[in-house]
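Put chain B on the given structure of chain A with help from the hints.
Taken in order, these protein sequences are the chains called A and B.
Residue numbers for the first sequence, in UniProt numbering: 1 to 430.
Residue numbers for the second sequence, in UniProt numbering: 1 to 430.
Careful, some of the hints might be misleading.
Since the list gives no way to pick one copy over another, a pair counts as held whenever it fits inside one copy or between any two copies.
Pairs of lysine to aspartate or glutamate, EDC-like flavour, derived with a Cα cap of 20 angstroms [said to hold, decoys possible]:
| # | residue 1 | residue 2 |
| --- | --- | --- |
| 1 | K384 | E358 |
| 2 | K13 | D3 |
| 3 | K384 | D68 |
| 4 | K384 | E69 |
| 5 | K13 | E167 |
| 6 | K384 | E61 |
| 7 | K384 | E367 |
| 8 | K384 | D394 |
| 9 | K427 | E242 |
| 10 | K427 | E381 |
| 11 | K427 | D331 |
| 12 | K13 | E288 |
| 13 | K427 | D3 |
Since the hints were made in silico from the structure, they are not lab data.
2 protein chains.
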Amino acid sequence: MSDLTELTVAAEKLDAADELAALRERFVLDDAVYLDGNSLGALPANVPGAVADVVHRQWGELRIRSWDESGWWTAPERIGDRIAPLVGAAPGQIVVGDSTSVNVFKALVAAVRMADDGEDRTTGGEVRTADGEDRTTGGVRHEMTAGVRDEILVDATTFPTDGYIAESAARLTGRTLRPVTPAEVPDALSSRTAAVLLNHVDYRTGRLHDLPALTAAIHDAGAYAVWDLCHSAGALPVGLDEHGVDLAVGCTYKYLNGGPGSPAYLYVRRALQPRFDSPLPGWNSHAEPFGMSREYHPTTGAGRGRVGTPDILSMLALEAALEVWEGVSIDAVRAKSLALTDFFLTCVASYVPEGQVESLTPIPHSERGSQIALRCPQAAEVMKHLIAQGVIGDFRHPDVLRFGFTPLYVGFADVERAARVLANTLKSLT
Amino acid sequence: MSDLTELTVAAEKLDAADELAALRERFVLDDAVYLDGNSLGALPANVPGAVADVVHRQWGELRIRSWDESGWWTAPERIGDRIAPLVGAAPGQIVVGDSTSVNVFKALVAAVRMADDGEDRTTGGEVRTADGEDRTTGGVRHEMTAGVRDEILVDATTFPTDGYIAESAARLTGRTLRPVTPAEVPDALSSRTAAVLLNHVDYRTGRLHDLPALTAAIHDAGAYAVWDLCHSAGALPVGLDEHGVDLAVGCTYKYLNGGPGSPAYLYVRRALQPRFDSPLPGWNSHAEPFGMSREYHPTTGAGRGRVGTPDILSMLALEAALEVWEGVSIDAVRAKSLALTDFFLTCVASYVPEGQVESLTPIPHSERGSQIALRCPQAAEVMKHLIAQGVIGDFRHPDVLRFGFTPLYVGFADVERAARVLANTLKSLT
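So here's chain A without its partners, still in its complex pose (with noise of 0.2 angstroms):
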């Protein structure tokens, strides 16, 4: 019991100290400890009115003249030089749209083209047909001819769906798709390296990748780096532009808390933006739009990464969510998701006795992203009984305890209330 004193009183003083602390007023919350932030953020108290202005207003009034007079058409790239300054991106080189597989998909097989355009990988320059033969007679042929670089590497422990539409992106443009863990890279990377699929951060054990080191082995080896950042964007500093990411795709649900499926986002870098040649070329990324020509020619800069008509409900009601962040510093955000975690191991290791669970998230902080994996036995049947007592974490197959750490809206009582459940738990369990 003194721990359990020490550590409440340990948590109100770091509540008392966290400047943090009052952007919690700006999320619709309730009495419980909402830990799965990683997954589906909170509701932005100022987003139901944003919404009801696009439903009533903007739809239901000004209709089809919204798409000027509501700022529709560009809402895309407007949205995208939000989502920038929080992932160390300067204007011009995010779109928002489709869902992160579906950029995924677009940024991976511009990446192969890219290492396939005979290009330097540094420079800019127009997107070229990728090859010159005559296409209308003869038989099936591929769209490339055979080249040197005729490999995609991807993070063998990536969120699955990266993985299906990378296997996709290798088999539509004919190159072979290897598996290996963001530790086997620098190995694996050779002159037949064309483009690598990583996550910045492990969505199973919250383990943070060495994002520069690695983007620098890439770019060594003469090959394209994308990163996928779901489980860092919001959480963490990223520094695309800093370190010189190619490309990069994230949600926007998670620690930027836009709402359930907002649409995703696509960076690329803007020297390459000229080289960008689309596998999903839609209307919304001609130069002309509405000149409704026969011929694609696409636009300059981010907005290349465009594709269907974008979904604007979805979309404003991110944009309105993103306001919370203004003031918002995200080293701040890091220093507390990194003091949160740390306090609830720290919690976890004073209230549960050793061996009931196994953080399967990195110690240094370096290797640490906002979330903290637990493995225990019967995993599932824990995380029902917590979220029944306030607790809301979640349960990744087959024997993981996730818990999200968002620092805009998770306090240190929160974190300490939560070991301590889960501590009952586990003694009630067993």
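For chain B alone, kept in the frame of chain A given last:
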């Protein structure tokens, strides 16, 4: 002036006899004549409340639990089944999600793979790897070995995005894309044809193409028919099952009133579902999406067309919007649609001096969708004046005035007023 009185009286009589007239109350409308429902359908009156519930209660209160408890996870198939009767499909063949462009890509690549998989086009059979060769060694090879069916035909008059996406599908599958008008399709079909992508109604002229006859001709050639229903679904009977269409796509923000950029849908005929081999095999189409397996095993049924996490806000707005169809017969909608466009042509012929406008829309009912396209000099300027006077149509480059007639909320007095304002505008501008 006698014409004016006569047509005003005629409009009154037609409105009085209109069995669908009361449906207008299911929408939020003002005093304008809204003839742009073929671009963005008007707001159904029940949508704002439904959306508010999704935001406040389902997301804000239930949060992550809503994936089960609010039916979020099953929404793509459930809403697909709501669209099904409107396009003549039995349940279990339509899935909602992504944009029309993305669905064209899925459908066309899948159709090419069906043409290539060696199965008879009318039978089922499991998806197989397209080649059995070792893919871990050697240079870059295409997924498919040289086959006979090396051509994709695409409607040369198509909405541009379909053509751009078809070009990409051809490029990625090593096929040749051949643009032909729908009238040229029968002669262009051959044993080289893998798939044909056609529009049911031409977005520009409003011409309705002969889906049953063209589908039969495509099948006679042993090829697969992919239909784009953007400008027909919700305006006229489609009969997908009856006519044996293989794959179809459509948007939901025109005559289905789903809201700006609301998710599109994909139809895959039941017999072909086991052979539907998606180029975008995201985790949502996995047989066990939460098994987090590294290997992709597609689910059965229409769900094979799913990709990433569904966009819930937009999707559930669409679900509410589809409630306006309760008790509405699509045959009655078609009858009123033809009566509206007939009456508009009558009013225009009566009010507008000959030679000032020319209808691009066919006169025979069998060739007419639910819009009238008038070619006219200074069309952009004319449309601005119409809109300023509360007659909302749209302009299509370079010289087309486009008027869409949504039978659920457009009446005959609206039509008479639109023609009268058009005549006065043309008079004032010359």
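Against the structure, the hints come out as follows:
1. K384 x E358: within (19 angstroms within a copy, 68 angstroms between copies)
2. K13 x D3: within (15 angstroms within a copy, 84 angstroms between copies)
3. K384 x D68: between (48 angstroms within a copy, 14 angstroms between copies)
4. K384 x E69: between (48 angstroms within a copy, 15 angstroms between copies)
5. K13 x E167: neither (50 angstroms within a copy, 62 angstroms between copies)
6. K384 x E61: between (45 angstroms within a copy, 18 angstroms between copies)
7. K384 x E367: neither (29 angstroms within a copy, 59 angstroms between copies)
8. K384 x D394: within (9 angstroms within a copy, 54 angstroms between copies)
9. K427 x E242: Classified as neither: same-chain Cα gap 48 angstroms, cross-chain 62 angstroms, threshold 20 angstroms.
10. K427 x E381: For K427 and E381, only the intra-copy Cα distance (13 angstroms) is at most 20 angstroms; the inter-copy one is 76 angstroms.
11. K427 x D331: Close neither inside one copy (38 angstroms) nor across copies (65 angstroms); limit 20 angstroms.
12. K13 x E288: Neither way: K13 and E288 sit 58 angstroms apart in one copy and 45 angstroms across, limit 20 angstroms.
13. K427 x D3: within (17 angstroms within a copy, 88 angstroms between copies)
Taken one by one, the earlier hints fail for this structure at numbers 5, 7, 9, 11, 12, listed in ascending order.
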